[in-house]
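Those protein sequences? They're chains A and B, same order as listed.
Just so you know, the first sequence maps onto residues 1 to 94 in the working numbering.
Just so you know, the second sequence maps onto residues 1001 to 1415 in the working numbering.
Mixed in with the good hints there might be a few duds.
As the list claims (entries may be wrong) - Straight-line distance between alpha carbons at most 16 Å, and here's what the computed EDC-like set of lysine to aspartate or glutamate pairs gives:
# : chain 1 : residue 1 : chain 2 : residue 2
1 : B       : K1066     : A       : E64
2 : A       : K32       : B       : E1065
3 : A       : K32       : B       : D1069
4 : B       : K1123     : A       : E64
Bear in mind the hints are in silico, worked out from the structure with no lab data behind them.
Since the model is a prediction, treat every value here as computed from it, not as a measurement.
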Amino acid sequence: MKPAKAKGKDKNKKVDPEIFRTVQRVIAHQLKSEPQRITLESHLQNDLGADSLDAMEILFGLEEAFGLKVPEEDARRIATVEDAVRYVTENVKK
Amino acid sequence: MNLRRSFITGIGAVTPAGTGWEKTWQAVLDGHSGIRPISSFPTQGYRTTIAGEVSDFDASQFIDEKLRDNSERFTQFAIGATRLALEDSRLTLKKSEAGTGVVVGCGMGGLPFFEIQAGAYAKRGPGAIRPSSVPRVMPNVAGAQIATLWGVRGPNLTVSTACSSSNHSVGWALELIRSGRCQIVICGGTESLLSPITFGAFDSLRVMSNRNATPKKACRPFDKDRDGFVMGEGAVMFILEELEHARARKAPLYAEVAGYGSSNGRSNMLAPESDGRDASESMEAALRDAGVKPEDVDYIHAHGTATQMNDEAECRAIHRTFKAHAKKLVVSSTKPVTGHMLGAAGAMGILACVQAAQTGKVPATLNYETPDPACDLDFVSGRPRPRSVRVALSNAFAFGSNNATIVVKRKEESW
Chain A
1 MKPAKAKGKD KNKKVDPEIF RTVQRVIAHQ LKSEPQRITL ESHLQNDLGA DSLDAMEILF
61 GLEEAFGLKV PEEDARRIAT VEDAVRYVTE NVKK
Chain B
1001 MNLRRSFITG IGAVTPAGTG WEKTWQAVLD GHSGIRPISS FPTQGYRTTI AGEVSDFDAS
1061 QFIDEKLRDN SERFTQFAIG ATRLALEDSR LTLKKSEAGT GVVVGCGMGG LPFFEIQAGA
1121 YAKRGPGAIR PSSVPRVMPN VAGAQIATLW GVRGPNLTVS TACSSSNHSV GWALELIRSG
1181 RCQIVICGGT ESLLSPITFG AFDSLRVMSN RNATPKKACR PFDKDRDGFV MGEGAVMFIL
1241 EELEHARARK APLYAEVAGY GSSNGRSNML APESDGRDAS ESMEAALRDA GVKPEDVDYI
1301 HAHGTATQMN DEAECRAIHR TFKAHAKKLV VSSTKPVTGH MLGAAGAMGI LACVQAAQTG
1361 KVPATLNYET PDPACDLDFV SGRPRPRSVR VALSNAFAFG SNNATIVVKR KEESW
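Just chain A, with the same shape it has in the complex:
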């Protein structure tokens, strides 16, 4: 499987397809949307229509899926799918 590539500022950075797929699944489950609709560029609120509670549940879902504990200051910085994928990538193995 070809790894998904981030666009924009991180276009040269490779994205772990496993992590992306899991993030996609967590978001799709909460928002009941098609996983294909959820791209790296998607903004949780503006593009995908997540409300404040959805955002909390998505965060909770990511913590459960990756065994993470996301501190408040980091949680506030996760606005797009890419933010979430990057955060998980950087923290999942620590």
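Based on the hints, put chain B in the right spot on chain A.
Relative to chain A, chain B alone:
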């Protein structure tokens, strides 16, 4: 008296006797009980293993997938019943319509979801508690979702007084219309507590029937052999509407909600005053509010839970209020058919009063077979009784000695 008058112009019901008020009412008339062995959770070790479970409600017909996955049964029942009531009333709410309110009765909200969180916490600690817990569990989420779905911007109240919640809800809806604050109020009650710990809490109180082997015969209001209530679940919602507003849009007029009364007993948290004084004060306050004399009342939908104490105290209360007329009016309880729907119980009683007034058929008290000398009224045994019902009362009494009564007047009596 220069009161703005309020009519029920739409009814929606989701009960163990069927989804849709017509199905529920037919089951009540036919004596088809919705009480059966509990399937919601394993019942080994419980004293009581039967309940009135809603079995034919397909949430997907009323609620989108996302909300279904993020809401509790009591909220889903309330939304379903509201949608049915709006359709029944042929009412399309314009977005942001001023003068529309919501008042929902609900005793304990989403405790079943809280139980799941408690289980997760016990296994994995505080990190396992879902963020959606608060807005799923709070009793006012049913009303909040109704307002959100239909764009209601008016007052939005939730009344939580256990088993009398939905009589208070309709009573306060009446006040909102009388005072001119609202033209339309979506009101009624909802409850769903069939989960291991919440049901277990009632089980440990020893207030429920132990006739597990004969579920349909278990709830026996006013019968000498009664041994407690049977829990039900569900929602009954009404469109309550100011008369001129309803006439202007040619809405169906079912019956008038003519009065509301309430009272508090001083006895204790679980038992009514044994002389029936507190319940009698509730009925008298409602009659005064409606401007109706006791001898005008033809039918009482009793709280009639089938606990020893409630039924006896309620009979004393009826004697206190109605004196000689107590033996002339008829009294029945539909709880053997639906189970005790707790926060929706009063609204179920109002449904029975409205239909009795409309159709001239008073529902029987299913399973009333052996008279109890302590309960000496006409409880309509066997078949429904043909009777002209001009004025009916719905009683709902609650733990905490909290009583509420609603007066329903037949449409023709109101002209």
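How the hints compare with the structure:
1. Restraint check for B/K1066 and A/E64: the C-alpha separation of about 20 Å exceeds 16 Å, so the hint is violated.
2. Distance check on the hinted pair: A/K32 and B/E1065 sit about 7 Å apart at the alpha-carbon level, within 16 Å; holds.
3. Between A/K32 and B/D1069, the direct Cα distance comes to roughly 9 Å. Compliance with the 16 Å bound is thereby established for this hinted pair.
4. The hinted pair formed by B/K1123 and A/E64 meets the criterion: a straight-line CA distance of about 14 Å does not exceed 16 Å.
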